[in-house]
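K.L.:
Here is what each chain is made of, one letter per residue.
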Amino acid sequence: MTLTTDADPAVDVVGVTKRYGPLVAVDDVSLRVAPGEVYGILGPNGAGKTTLLRMLFGLIRPDSGTIAVFGRSWSRDDVRTLDGVAGFIESPKFYPYLTGRQNLEGLRLLDGSGLPDRLEEVLDVVDLTGREDDKVGGYSYGMRQRLGVAASLLRSPRLLVLDEPANGLDPGGIRDMRALVKRLADGGLTVLLSSHHMDEVEEICDNVTIMNRGSVAFHGTIDDLRAMAPDPGHLLRTGDDRQAVAIGRARHPGVVVEPAPDGGLVATGSERDLSAYVADLVRAEVPLLAFTPTRTPLEALFFMLTDARPDDVRLRGKEAVR
Amino acid sequence: MTASTLASPRPSNTCARKEAGLGSAILWETRKLRAQLRSRALLVGTLLAPVAVVLVVGAQSRPPKDSLFGRFSTENGFAMSLLVLGFASQWILPLVTAIVAGDAFASEDQHGTWKTVLTRSVSRSRLFWAKVLVSVVFGLVALVVLAAATIGASLLIVGRQPLTGLSGQLIEPGAALGLVAASWATMAPPLIAFTCLALLFSVWSRNAAVGIAAPVVIGMVMQLVGSLGGIEAIRPYLLTTPFEAWHGLLAEPRFTGPILDGVLSSAVWSGASLVAAFLVLRHRDITGG
Ligand SMILES: Nc1ncnc2c1ncn2[C@@H]1O[C@H](COP(=O)(O)OP(=O)(O)OP(=O)(O)O)[C@@H](O)[C@H]1O
Ligand SMILES: [Mg+2]
Numbered sequence: 062m063t064l065t066t067d068a069d070p071a072v073d074v075v076g077v078t079k080r081y082g083p084l085v086a087v088d089d090v091s092l093r094v095a096p097g098e099v100y101g102i103l104g105p106n107g108a109g110k111t112t113l114l115r116m117l118f119g120l121i122r123p124d125s126g127t128i129a130v131f132g133r134s135w136s137r138d139d140v141r142t143l144d145g146v147a148g149f150i151e152s153p154k155f156y157p158y159l160t161g162r163q164n165l166e167g168l169r170l171l172d173g174s175g176l177p178d179r180l181e182e183v184l185d186v187v188d189l190t191g192r193e194d195d196k197v198g199g200y201s202y203g204m205r206q207r208l209g210v211a212a213s214l215l216r217s218p219r220l221l222v223l224d225e226p227a228n229g230l231d232p233g234g235i236r237d238m239r240a241l242v243k244r245l246a247d248g249g250l251t252v253l254l255s256s257h258h259m260d261e262v263e264e265i266c267d268n269v270t271i272m273n274r275g276s277v278a279f280h281g282t283i284d285d286l287r288a289m290a291p292d293p294g295h296l297l298r299t300g301d302d303r304q305a306v307a308i309g310r311a312r313h314p315g316v317v318v319e320p321a322p323d324g325g326l327v328a329t330g331s332e333r334d335l336s337a338y339v340a341d342l343v344r345a346e347v348p349l350l351a352f353t354p355t356r357t358p359l360e361a362l363f364f365m366l367t368d369a370r371p372d373d374v375r376l377r378g379k380e381a382v383r
Numbered sequence: 004m005t006a007s008t009l010a011s012p013r014p015s016n017t018c019a020r021k022e023a024g025l026g027s028a029i030l031w032e033t034r035k036l037r038a039q040l041r042s043r044a045l046l047v048g049t050l051l052a053p054v055a056v057v058l059v060v061g062a063q064s065r066p067p068k069d070s071l072f073g074r075f076s077t078e079n080g081f082a083m084s085l086l087v088l089g090f091a092s093q094w095i096l097p098l099v100t101a102i103v104a105g106d107a108f109a110s111e112d113q114h115g116t117w118k119t120v121l122t123r124s125v126s127r128s129r130l131f132w133a134k135v136l137v138s139v140v141f142g143l144v145a146l147v148v149l150a151a152a153t154i155g156a157s158l159l160i161v162g163r164q165p166l167t168g169l170s171g172q173l174i175e176p177g178a179a180l181g182l183v184a185a186s187w188a189t190m191a192p193p194l195i196a197f198t199c200l201a202l203l204f205s206v207w208s209r210n211a212a213v214g215i216a217a218p219v220v221i222g223m224v225m226q227l228v229g230s231l232g233g234i235e236a237i238r239p240y241l242l243t244t245p246f247e248a249w250h251g252l253l254a255e256p257r258f259t260g261p262i263l264d265g266v267l268s269s270a271v272w273s274g275a276s277l278v279a280a281f282l283v284l285r286h287r288d289i290t291g292g
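Heads up: the sequence lines are chains A and B, in that order. Anchor point for the first sequence: position 71 equals 132 in my numbering, and the numbering is continuous, going up by one each time. Anchor point for the second sequence: position 57 equals 60 in my numbering, and the numbering is continuous, going up by one each time.
In case anyone wonders, no lab produced these hints; they're calculated from the structure. This structure is a prediction, so every number in the text was calculated from the model and none was measured. Among the clues, some could well be false.
Here are some of the chain B residues that sit facing chain A, going by a computed Cβ distance under 10 angstroms [unchecked claim]: (1) R34; (2) K35; (3) R129; (4) L130; (5) D288.
Quick list of in silico lysine to aspartate or glutamate cross-link-like pairs, EDC-like style, CA-CA up to 20 angstroms [claimed, not checked]: (6) A:K243 with A:D231; (7) B:K21 with A:D178; (8) A:K243 with A:E182; (9) B:K21 with A:D138; (10) B:K21 with A:E166; (11) B:K68 with B:E78; (12) B:K21 with A:D139.
From the structure, some residues in chain B lie toward chain A, with a derived Cβ separation under 10 angstroms [to be verified]: (13) W31; (14) H250; (15) H286.
By construction, the Cβ of each residue, glycine as well, lies at the ideal position given by its N, Cα and C atoms.
Use the sequences and the hints to build the structure in full.
P.N.:
If you want it as structure tokens, here you go:
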């Protein structure tokens, strides 16, 4: 047994690679989650988020690199690596022929001894009280997701690992899930969560790693990320696009006005330049029909980091990790 | 979702934590098995089916003369029990045990629950041995129920007359009961071996249908091979040979060599299957679910 100390990072991933045949699902990824932190792994479909989290849980073995959780690693400590760790990968799965309560009771058996009995408490936290004696086979998707959270909290974790926890939930469910994660984090729990929604990560995380095609594309705080964000683009619909473009070119060098792919114009520039430009359009009596942000700046950055020029972005990400 | 105080950033009891032991894993597997309709139905089946078979065969005007002990089966309960035994060992015993064992690992794949259990505090090897033990014990329980139901129904319905042995000797009812029970007991080693084979197919194929069908098909093929001439060299290694080892108990003089050979070959089959199954599970990436 290894003693863990407070100095140990909650999660320490160093140079982890996982290949599926020719495909490199996770490519030399390093990241470190400090205790008490809410850490987001962000990336589009197929970025390697789930693969990385599965390796953390010991469900799959990395081809190279090491993963330590509170100073423990699978090679040395086997399942004790998961002491104080809970969570779920993709959508949580249960035994459909058992009730919610039976599932939780069974999982508690597999948690070993030395844990407090919190079954009623966790059922209450996820609002499943009253349905716990129904078979899980009859649960809705959202109920199963909540049972997954209950099953995780049953372990009284220090680190909660959630793989796209809001996936498949309705807007109310998403809001509740985010609120719960925030509340748990406020209580001092370390949270590592993956997502493909920038707004989710922005809302609840302190630190973020953006992954793309297996590699780290960005690594830093949400504030770092904000500082890198491009100027917001706005979709502009006018009664006279030709004149609107002309006014932009002639008098507003800080604003780029281009035809949008599906009609109208896109104006990009700082907020100040954009408002001056719009005021000018109104003065010139160009009929203004719509002026809406295309994407939030962070979203735009996310697409930039994960779609465009992945190579030079990747370089930057690696420097950030060091 | 309501307020929560569940987060425990630094629980004072971290050191007191123990990972789940084999006992907990066995308890968990047993609970799941008990909750499944399939396993309960199977036990009820092993209890009732022999009664039905004894009733039907016992009511025939002409006994099944071609089968071992068939000739006396309609007038002698011990012969009836042995007739059913011979029939059960063809493919029913492998099937009964495979229905649970073939599903033991594959059902975790089917439900996507490997990740659920393996992200708790139980090691893969503990879970493996728990599943093995529960499956083997279930197979043995099914065998005991089948044997008890068959012998009980035969004696009650057909009667307790002295039994004519394979060498024509007459066996008194008291001794006959012991021999019939012992004959049924010799099914245990090959049954365990078929259980382990089903477990291997369950782990390897990740598919319950394969886990259940493969041991039965293998049993049938071995039976067929065993019935061919000129295969004396491989006969001792066939997993179906131990199913016939009880014949020696009912001969005069009695011989038990085949039973010991059967125990040995069953042990080898069981061991090899379990080692292979363990290695497959141990090194497997859990990517599903
Ligand atoms: N079992 C597997 N066999 C082969 N390739 C796999 C396997 N699992 C994942 N991959 C591949 O590895 C890459 C990373 O997949 P992963 O599931 O980790 O992505 P993700 O970031 O979680 O995506 P999503 O947002 O869709 O959940 C993908 O290209 C995927 O096709
Ligand atoms: Mg994923």
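K.L.:
Hints first: check each against the structure and report whether it holds.
P.N.:
Hints, verified against the model:
A cut of 10 angstroms between beta carbons decides the hint on B:R34: the least distance to chain A is about 6 angstroms, and the hint holds. For B:K35, the shortest C-beta to C-beta distance to chain A is roughly 6 angstroms, which falls under 10 angstroms, so the interface hint holds. With 10 angstroms as the threshold, the beta carbon of B:R129 comes within range of chain A, its nearest partner Cβ sitting at about 8 angstroms, so the hint holds. Hint status for B:L130 relative to chain A: holds, with the closest Cβ pair at about 8 angstroms, below 10 angstroms.
At a threshold of 10 angstroms, the smallest CB-CB gap from B:D288 to chain A is about 4 angstroms, leaving the interface hint in force. For the hint linking A:K243 to A:D231, the alpha-carbon distance of about 18 angstroms falls within 20 angstroms, and the restraint holds. Distance hint between B:K21 and A:D178 is fulfilled; the C-alpha atoms sit about 15 angstroms from each other, no more than 20 angstroms. In summary, the hint linking A:K243 to A:E182 is supported, as the alpha carbons are separated by about 18 angstroms, within the 20 angstroms threshold.
Between the alpha carbons of B:K21 and A:D138 the distance comes to roughly 13 angstroms, so the proposed pair stays at or under 20 angstroms and holds. Proposed proximity of B:K21 and A:E166 is supported: the alpha carbons are some 17 angstroms apart, at most 20 angstroms. Proximity of B:K68 to B:E78 is assessed by CA-CA distance (about 12 angstroms); at most 20 angstroms being required, the pair is judged to hold. This hinted pair checks out: B:K21 and A:D139 have alpha carbons roughly 13 angstroms apart, not beyond 20 angstroms.
Below 10 angstroms, beta-carbon pairs count as interface contacts, and B:W31 has one with chain A at about 5 angstroms; its hint therefore holds. The closest approach between the C-beta of B:H250 and any C-beta of chain A is roughly 42 angstroms, which is over the 10 angstroms cut-off, so the hint fails. The beta carbon of B:H286 comes within 8 angstroms of a beta carbon in chain A, closer than 10 angstroms, and the hint placing it at the interface holds.
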